[in-house]
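For the protein sequence lines, the chains are A and B, in the order given.
Counting in the working numbering, the first sequence runs from 1 upward without gaps.
Counting in the working numbering, the second sequence runs from 350 upward without gaps.
The hints are simulated quantities; they were obtained by calculation from the structure and are not laboratory data.
Since the structure is predicted, the reported quantities are computational estimates derived from the model, not experimental observations.
Here a beta-carbon is modelled for each residue, glycine too, at the ideal position from N, C-alpha and C.
Please note that a few of the clues may not be correct.
Output of the computed footprint for chain B on chain A, the stretches with three or more beta carbons under 8 Å from beta carbons of chain B [unchecked claim]:
| no. | segment |
| --- | --- |
| 1 | 122 to 133 |
| 2 | 282 to 296 |
| 3 | 321 to 334 |
So, partial list: chain B residues that the calculated Cβ filter (under 8 Å) puts toward chain A [stated by the list, open to error]:
| no. | residue |
| --- | --- |
| 4 | Phe391 |
| 5 | Val394 |
| 6 | Gly473 |
| 7 | Cys476 |
| 8 | Ser635 |
Okay, here's what each chain looks like letter by letter:
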Amino acid sequence: MEKNKNRVFTVSEWRDRMVEHCEPKLSFSGRTRDDYRNWRRRFKKEFRRLLGLFPDSVPLQSEIIERKVFPTYLREKVVFDSERFMSVPAWVCSPIKSSDTGKHPAVICCHGHGHGKDALGGILSNGKPGVDYQKRLAVELAENGYVAIAPDWRCFGERREPPEHLSHPRDLCDLAHITVESFGYNLLTLDIWDGMKTIDYLESRNDVDHSRIGCVGCSLGGTISMFLSAADQRISAACVSGYLMATGKCSFSGTCGSQTLPGLLALGDRAEVAGLICPRPLLIQIGEYDSTFPACHALKEYERLQHIYRTAGIDDRLGLDRFDGCHEIHLAPILEWFDRWLTERRTDD
Amino acid sequence: MASKGRNFFHAISEEKIPGLSGKSFAFTGKNEREFSKWREAFRHVLMTELKFPREKVPLRPEIIESASFKDYIREKVVYDLEDGLSAAAWICRPKKKTSAKLPAVLCCHGHGPGKDPLIGLYRGKECLEYHKMAGVRLAKKGFVTLVPDRRGYGECSMFVNGFPGMDDLKKLDAFYRRKGSSLLSLDIADGIRAIDLLNELGMSDPEKTGCLGVESGAAVAACLSAVDERVKAVSLTSFISTDSGMPGIACQDKFFAGVGTIDICSLIAPRPLLLQIPVADPVVPSENARKAIPFIKRIYALFHVDERCESFEFDGVLELDYQSMEDWFVKWS
Numbered sequence: 001m002e003k004n005k006n007r008v009f010t011v012s013e014w015r016d017r018m019v020e021h022c023e024p025k026l027s028f029s030g031r032t033r034d035d036y037r038n039w040r041r042r043f044k045k046e047f048r049r050l051l052g053l054f055p056d057s058v059p060l061q062s063e064i065i066e067r068k069v070f071p072t073y074l075r076e077k078v079v080f081d082s083e084r085f086m087s088v089p090a091w092v093c094s095p096i097k098s099s100d101t102g103k104h105p106a107v108i109c110c111h112g113h114g115h116g117k118d119a120l121g122g123i124l125s126n127g128k129p130g131v132d133y134q135k136r137l138a139v140e141l142a143e144n145g146y147v148a149i150a151p152d153w154r155c156f157g158e159r160r161e162p163p164e165h166l167s168h169p170r171d172l173c174d175l176a177h178i179t180v181e182s183f184g185y186n187l188l189t190l191d192i193w194d195g196m197k198t199i200d201y202l203e204s205r206n207d208v209d210h211s212r213i214g215c216v217g218c219s220l221g222g223t224i225s226m227f228l229s230a231a232d233q234r235i236s237a238a239c240v241s242g243y244l245m246a247t248g249k250c251s252f253s254g255t256c257g258s259q260t261l262p263g264l265l266a267l268g269d270r271a272e273v274a275g276l277i278c279p280r281p282l283l284i285q286i287g288e289y290d291s292t293f294p295a296c297h298a299l300k301e302y303e304r305l306q307h308i309y310r311t312a313g314i315d316d317r318l319g320l321d322r323f324d325g326c327h328e329i330h331l332a333p334i335l336e337w338f339d340r341w342l343t344e345r346r347t348d349d
Numbered sequence: 350m351a352s353k354g355r356n357f358f359h360a361i362s363e364e365k366i367p368g369l370s371g372k373s374f375a376f377t378g379k380n381e382r383e384f385s386k387w388r389e390a391f392r393h394v395l396m397t398e399l400k401f402p403r404e405k406v407p408l409r410p411e412i413i414e415s416a417s418f419k420d421y422i423r424e425k426v427v428y429d430l431e432d433g434l435s436a437a438a439w440i441c442r443p444k445k446k447t448s449a450k451l452p453a454v455l456c457c458h459g460h461g462p463g464k465d466p467l468i469g470l471y472r473g474k475e476c477l478e479y480h481k482m483a484g485v486r487l488a489k490k491g492f493v494t495l496v497p498d499r500r501g502y503g504e505c506s507m508f509v510n511g512f513p514g515m516d517d518l519k520k521l522d523a524f525y526r527r528k529g530s531s532l533l534s535l536d537i538a539d540g541i542r543a544i545d546l547l548n549e550l551g552m553s554d555p556e557k558t559g560c561l562g563v564e565s566g567a568a569v570a571a572c573l574s575a576v577d578e579r580v581k582a583v584s585l586t587s588f589i590s591t592d593s594g595m596p597g598i599a600c601q602d603k604f605f606a607g608v609g610t611i612d613i614c615s616l617i618a619p620r621p622l623l624l625q626i627p628v629a630d631p632v633v634p635s636e637n638a639r640k641a642i643p644f645i646k647r648i649y650a651l652f653h654v655d656e657r658c659e660s661f662e663f664d665g666v667l668e669l670d671y672q673s674m675e676d677w678f679v680k681w682s
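Chain A on its own, in the form it takes in the complex (with noise of 0.2 Å):
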């Protein structure tokens, strides 16, 4: 077929021509406090309205399967009930306790594409203890006062399917995609749900303060830290690394079925979304060596949820971390983060 200019036949370059052309309808571009709030309710309402149909909430029947004290934390793995058929394993380290404190800071620790909640407790995919990009962040939150949670999202870790249900090359995360839209639902939005519910097995223990949350990840961690801080407003300070970026200035192969939300384009985008978490605290990081989500195209949205911040009149509660390095959790800056919004009690929200 001989190529002409004015026509398209792949899919890539129809989105590449749709994203010109998109006039999404609740882009911010206030410039008062009024037009922020008018803005916020209503991308909110339309932002509920994209993440479509939960499940039904059942009891979480948490158990505490297994239990391991390390010399500077404490690790065990709880398995709590997100939906009729569906569980959720999950790391929590949480410091050794000393006899003065009760109650601590929790953070959920959102893992990123690999091999699930492992690499944010210090485990290898061999199963052997090491480091990944993800900096072993809940050994560390532990380490530093925190209760530090990381559940294993739907087709990672535990919950990966086993080897006879992959047809490589075939993504998981697609597939699942595929399979849960038939029943009406988003794969991102029952992660998000599964989220929420980690949010209810925190409150359900008696050694997290519940106005203290907190939530990070860095790549698909950081979209579901960026969706689940947005939807939920039990998270009280987030952090989103390698991943604030326009989408259509992502490659084509650079996301999955775990990280779309149907929709979202005509209304907003990334900014919009993370919007939501104002007038929460929120650290972006950004890698400056990063070739999935490009430093130049990740300040540009980071210039948009700017605006959104300093529109509200707090943009000090928004922070940028752009570091000497490429797709990864940059520790220290973290930890510093929650250790400023989390580790006293703020009333002035």
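For this one, chain A is given, so just place chain B on it according to the hints.
Chain B in isolation, oriented as in the chain A frame:
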């Protein structure tokens, strides 16, 4: 099917080489003289095993592209490796003219689309990734950098986007092994020719040639520096380890499966050697890297040149730490 003592399939990925372990080449001597003898013997084994192409063909370099930027010049050079096989490389150099000849750094790329990311490009578009544009940034600091495509990568590739996967490289390696060589051997031989090219082009001081490598490129950089004394300073990222075999390499060459990175690094002594260890390296566990360092340092201590071997650990994944690498080459050029 559980039956003791029976194997029902060959575990192809973990092929063990009988009688060959990293330890068999390890330097165990106690003084400079013993080291020299060991080095000569091991280098001889290495050179014999490498099975380089028997005859060198003339390089016949041609500069086919030249672009001038604010503070550096970037050229593309093509040259011959074998009868019927050419290579392509970027050369970057500072724009500012000096009377003294410039130091040079041969840059060996790791996995990815070849040489382009080292100058900040991928498929003609801007691209920043884990090599951190080392080719350009060193040129801005006064070095001539030579960044060739390794076999199977970039313009020297038959694979999609010049970006081979591990399976692609294994196929290419199998092809070369049928011809009596191996992909890694040829990459090393090509690296040696790249130094010949630098000297032939005459842009840099032959006495000041450095070499850097990241991931599988570090294996190439290390091995070629081990056998070619013209390399005067080396920086290796994500390489040194107590494990045997060459990390990140698709090559199934039995010889290289039995040689340890410690052995190869030992051959570089007493020349300046920087070993970069990213703590979250997915290729080489940083713990194993850390354990290997004393073995190398011991050799530099024999020569009383401890300052010529440094390890640098940093909070990173598979990535180069640019600043410590630049400082290293500035210090030793």
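Hint by hint, here is what the structure shows:
no., hint, verdict
1, 122 to 133, "holds (count 6)"
2, 282 to 296, "holds (count 7)"
3, 321 to 334, "holds (count 8)"
4, Phe391, "violated, 31 Å"
5, Val394, "violated, 32 Å"
6, Gly473, "violated, 14 Å"
7, Cys476, "holds, 6 Å"
8, Ser635, "holds, 7 Å"
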